[in-house]
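Listed below are the residues making up each chain.
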Amino acid sequence: MPYAVETRDLTRIFAGKRHWLRKPDPEEVERGVGPTTALGGVTVQIPEGELFGLLGPNGAGKTTLIKILCTLLLPTSGEAFVAGHDVTKDVFPIRQRIGMVSGGETTGYGLLTARENIWMFSQFYGVPSKVAKERIDGLMKVFGLWDRRDAKVRTLSTGQRQKMNMVRGFATDPDILFLDEPTLGLDVNAARIIRDYVMKWLKENKGKTVLLTTHYMAEADEMCDRIAIIDNGKILACDTPENLKRTARMDTTFQLEVDALRNTDGFTAIPGVKNFSSKNDIGKNMTHLTFILDGEAPVADILSRIMSQGSKVHSLQKSEPTLEDVFIRMVGRGFE
Amino acid sequence: MREATVRRADLRFRLGLNLRSVVGRAYPRVIGANREPSWLIFEVFLPLLGIAAYVFIYQAFYQAQAAAICPSPCTPTPAQLLALHQAGQNLNALVATVVLGGTMVAFWLNVLWSMASQLYWEKEIGNLQLYMMAPMNRMALLGGMAIGGMFMTSVRALSTLVAGIVVFGVIFSVANPFLLLAVFFVTLIALYGMGMMFASLYLLWGREAWNLSALMEEPIFFSSGMYFPAGGLFSIPTWGPAVAIAGSIVPATFGLDALRQLTLPGTAPLPLLPPVTELEILLVLAVVFLVLARYTLAYLETLAKREGKLTSRHQ
Ligand SMILES: Nc1ncnc2c1ncn2[C@@H]1O[C@H](COP(=O)(O)OP(=O)(O)O)[C@@H](O)[C@H]1O
Ligand SMILES: [Mg+2]
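Taken in order, these protein sequences are the chains called A and B. Counting with the numbering used here, you get residues -1 to 334 for the letters of the first sequence. Counting with the numbering used here, you get residues 976 to 1290 for the letters of the second sequence.
Be aware that one or more of the hints could be misleading.
[Claimed, not checked] Listing some non-contacts, in silico: residues in chain A with all C-beta distances to chain B over 10 Å:
no. : residue
1   : T156
2   : S309
3   : T320
[Stated by the list, open to error] Keeping only pairs whose Cα atoms sit at most 30 Å apart, straight-line, the calculated BS3-like set for lysine-lysine is:
no. : chain 1 : residue 1 : chain 2 : residue 2
4   : A       : K204      : A       : K139
5   : A       : K139      : A       : K128
6   : A       : K87       : B       : K1284
7   : A       : K232      : A       : K243
8   : B       : K1284     : A       : K232
9   : A       : K139      : A       : K150
If you are wondering where the hints come from, they were derived from the structure by calculation, not from laboratory data. All of these numbers come straight from a predicted model, not from anything done at the bench. Note that CB positions come from ideal geometry on N, CA and C, so glycine has one too.
Between the sequences and the hints, there should be enough to build the whole structure, so can you do that?
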């Protein structure tokens, strides 16, 4: 059986553009005007039926990977197959079988109703109108959008809009659904409904596959069969959430809240400190530190190092390992 | 959705898929044309103002001419009566020319802003990536945009035409309705074919495309003779004919000229070529633009996929 998604050493480099007439914009200068390696040799295999998560911070390359798999972007090198077809050659059978929904989408036409919009997109997949309308009505009920079915899209709230986008994604009955941060910026309830339906859909429909990207740890942990942790265009680890956390469980994780620290150098020099991340809370004038340690022995050295800066420790707590700790251990910084 | 969707790729399925896509993409335009009545003000009343400006000028000329033929108080001789009748017919032909041109302006604006720059706008709001990852043919997408645009604009243009006839009292007479319809539809196909080609060309560009559309708007009003007979350009020494010939690449020029000749038989001022010849040229233009659109889009889509410009990078 072919994989639903398979990539081999997939690389995508964006040429840093410089127009001869235009001054480079500040954002580009900051990134270093030169080329960006959005994906640097990604190899993944996603079997049919899996809910596969791609977890990584902003700019990690998640969307770039999805765009390549959706036949919207060509790889610079390497190979990618969706439903067994090469994304650079055999796009029709891929396009027939896929769907994509991204978080914060503003797609559709404001003048049309939610229902009309979804129907329109279903026509681009050749779904007969009657079938499309039945599916759309059913899905709108599931997502709690039924009483807004005839509302113009521009009057929908963010949550309703994203539910509409999800209905669109399912209405064409894809075999492989790409969800790019689908719950981005949603309230808890809307996010809950979306997560639950995705999991239910996979359970009830044999042979469907979902590739989900997210930068919410808990979401990946709860939903995914397997997770690939991605940073800077590279997959750092790929395993079940359980196994990933098991690796982390061999370490000891401590959370500290201290007065704002100016200098966080030197922590990694302390024996037994595997890695750490720090996050400043400017409002409270505090620094939040997460340490990944080999046993509890280094805690004393850490504390004395903090206090030698004249900073007071407000709380110190040993914590259960989360996926974020896995990430911190590997790259030495947190997610947000 | 218990039953798995069967994936077909046969010709019949593809034909159905692309027909559905055309209908799907035309739908928002067909519906959008009438859902909000505010278009009546913008699309019917405002064009009338543009037309009125020219009509008043032509009417002022007529007054002066009439005064010269028979100074007031006027008790015309039969010869003066004939001359006045002649001048009145000329006025009608000029006003009709402007009303017709002002009506066709709607199509040109629609082609520029809702065809040529459309994909740029779709890219910004995120629709483009959903269109491009769907299995439909790209020409079905452009075709749906065009057919929807033609319908929407025809409703508006017809309203402008009727209002123009009522307000300015223009008299049209149609001798050959079939040829008239043929010219009208072929003009639209050629015009929207050109829009489809520009839409494809603009795939790689962002704001530049928008600016280019803004840049093209007025020169084409001028060179296509929207508010005066394009044949008048030939009486301008040196650059006039050059502008007229360059402008006739835009299908609006010959289309409008033929429509004027067919609705003002014998009185249309300064015609360019016989209407049938113009129809033939328009047919050639239509085919050329559609073929160019097809290949430009295929080529630029690949280029855009390579350069990462098919999608807005913030999506
Ligand atoms: N079209 C583009 N042109 C240039 N650089 C891009 C483009 N798209 C993405 N990038 C860069 O590639 C990197 C990965 O981006 P992306 O895949 O969007 O990350 P993620 O979705 O994980 O946040 C980022 O550094 C981003 O700035
Ligand atoms: Mg992203």
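Right, here's what the structure says about each hint:
1. The beta carbon of T156/A sits about 14 Å from the closest Cβ of chain B, which is more than 10 Å, so the claim that it is off the interface holds.
2. At the 10 Å boundary, the C-beta of S309/A stays outside the reach of chain B, the nearest C-beta of that chain being 38 Å off.
3. Every beta carbon of chain B lies more than 10 Å from that of T320/A, the smallest distance being close to 29 Å; the non-interface claim holds.
4. Between K204/A and K139/A the CA atoms are separated by roughly 22 Å; this keeps the pair inside 30 Å, and the hint holds.
5. Between K139/A and K128/A the CA atoms are separated by roughly 17 Å; this keeps the pair inside 30 Å, and the hint holds.
6. For the given pair, K87/A sits about 19 Å from K1284/B by alpha-carbon distance, which is consistent with the 30 Å threshold.
7. As the CA atoms of K232/A and K243/A are separated by approximately 20 Å, the hinted pair is consistent with the 30 Å bound.
8. With a C-alpha separation of about 23 Å, the suggested pair K1284/B and K232/A falls inside the 30 Å cut-off, and the hint holds.
9. Proximity of K139/A to K150/A is assessed by CA-CA distance (about 17 Å); at most 30 Å being required, the pair is judged to hold.
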